[in-house]
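Note that the protein sequences, when read in sequence, are chains A and B.
First residue of the first sequence: 1, per the numbering used here; consecutive thereafter.
First residue of the second sequence: 1, per the numbering used here; consecutive thereafter.
Treat the hints with care, as some may be off.
Unchecked claim - One side only, chain A facing chain B, incomplete, derived with CB under 7 Å:
1) TYR75
2) TYR137
3) MET142
4) ILE145
5) ARG148
6) ALA149
7) SER186
8) SER193
9) HIS266
10) ALA319
11) VAL334
To be verified - For lysine to aspartate or glutamate, the following EDC-like pairs were computed, each having C-alpha atoms within a straight-line distance of at most 20 Å:
12) B:LYS242 with A:ASP320
13) B:LYS248 with A:ASP309
14) B:LYS269 with A:ASP204
15) A:LYS187 with A:ASP45
16) B:LYS242 with A:GLU302
17) A:LYS341 with B:GLU261
Unchecked claim - Incomplete in silico selection of chain B near chain A, CB under 8 Å:
18) HIS180
19) THR196
20) ILE249
21) ILE266
Calculated directly from the structure, the hints in this document are not laboratory data.
By construction, the Cβ of each residue, glycine as well, lies at the ideal position given by its N, Cα and C atoms.
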Amino acid sequence: METILFLSPTEAGSPLSKNALEALATTKQLADSLGTTFIVGLWGDNPKEAADGIASCGAAKFLAVTGADFAQPRYATDAAAAEALARAAAATIVIGPAGSRWNRILAGVAHRLGGRADSHVTGLSVSGGAPAVARWYYRQRMEGILSRAQRPWVLAVESGIAPAWQGSPGSASVEAVACTPPAVRSKVTGIESPAADLQTIRPDADLLFVTGAGWTKKQPDGQVKTPEAEKLILGFLRLARASLGSSKSLVDLSGEGQATLTFLTHMNQVGQTGSTPRHAKGLSTCCHGEEPHTVGWRFIGERRAISLDPNCGWSRGKADVLYVADAFAVIAKVNELLAQKAGG
Amino acid sequence: MPEYQIVVCGSVVPDPLQTLEPVAGPAGPALKNEMMLPAWLDPWAGHALYEAANLAAKNPGSKVWLVALGPKAKLQQAMMTLAQKVPFELVALDGSASGFTDATETATALAEAIQAIPGLDRSRLLVFGGWESASRGAGATMQIVGEILGITDQFQGVDGVGIGVDGSLRIIERIEGGRHQVSICEAPPVLIGWATGNLPEPRNNPQVGMANMRAIMPALQKAKPAKTGAEGVTFHSVSLPKQARDTKIVKDLPPDQIAAEIVGWITNK
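Work out the full structure, taking the sequences as your base and the hints as a guide.
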């Protein structure tokens, strides 16, 4: 019989994140499939607040490591808290949300526990009475389904693979788990965010807008129109409330000192050496390339593309609709229509 | 000025522009014609190496090692290009670099190799690597290397490291929403899993290449065998995504009409 533990860090004054609630729903589903119960383990400054928010989730018990020492998103303290909770629960399967905080520590925690870790889990199922996970290899080029003999098995579940748990808050009976804070030599001193009007990465957006290097190439009149491209793209992002992804070639232009879109960084990069975000819809513009480049929108639901090349491998067989058109002209008009809609 | 000992962990991956197809091998899944695929240093490990070389150049007396695990022939292939980029000393491990091997086994081999580097001083030690690989892509190996080496100041998805006047390290890590978390670590030892960083790929420098290759060839010859597999793992399937979309090609439509269609699609929840 497996002992399943849902683990998550908490932030004072905040309920569990959407990603964490999705992982909680996945945990509950696995427990149901295996005919067992699950335990919730939380840590942070005041995890009781978050526990109350999920009091009716059906957990057999709630465990918590509490204290200001465990508030910071820092390897040493997060790993110590997670290790203590996993030991207290005698967990054989540990499931957490694949955010930066859990991703930073899960393999280290698994090592301390004598177990194994799998991250970027995109599916959990039961095969022959044993749990199996799905994850991607070679940068989302191929999908594997695997089981492990080793326990504990520590997992990071990707966002967007299950609906977030929903239920009534209440008063959870939280059992305190003792954890001596480790000696620390690091402290988190702040968060750096782009200026509000340059905040182009929005994980919760419905739409991913992907820009390719075509935006910075010579246009039919022989001119490069990078400033106009910037204006159009930022206008679209603002009006459509979209998140911005970019091809590697476009991001690399800035690293090579060429004129490019000033708000782009490597964090916008999607694909082989970038991210593979999850959004309901995706619109690509001026992108080109074959299969290896298209992994950037592997997890996008509905996909449309605007390109001057009707045979481009980025779109053919990958997009639902390909508009063979000039993205400058189309996006300018799209912005106009969206502005009209916004204006009522 | 601090004199760092920077150990970069990295492996080789197939050229991402190649067609990759999984096949069933005797020890589990593998890539079709794996030994025929051109190999290069994993991209994020490459960023780690370039950042290490940059840091070493700014802090005279510092030294960079590259601890690389992969089939010896593939390592040699990758070194032909890599050696011309930046100065480093290679520590080669001869073993599988497959994405289907387990991170724990890889990390154990890497950590043992690091521990065997003569004269390593923990008070000057920076352990670098890619935060993920382009093969397994788990972000697990470096964490375990750190645990084995007893380094609990670990940072992943790092895009920048600065050195304070007091020798402290200012580290910026990627977090959600396109933001960076800023941390200060008092001093080495520290483990850093690099994301992209901020440096372009260095230009080839034949002089650096010649200096590097004098030590690289002997290092490859004495590459220690490393046992890397996936003990305890059962792969039920490994497959390529089969779904090809039936793309509707819309030609000869004026921008106004295309725009109206796109707006309708975007706003239709």
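Numbered hints the structure breaks, given as an ascending list = Structure breaks no hint.
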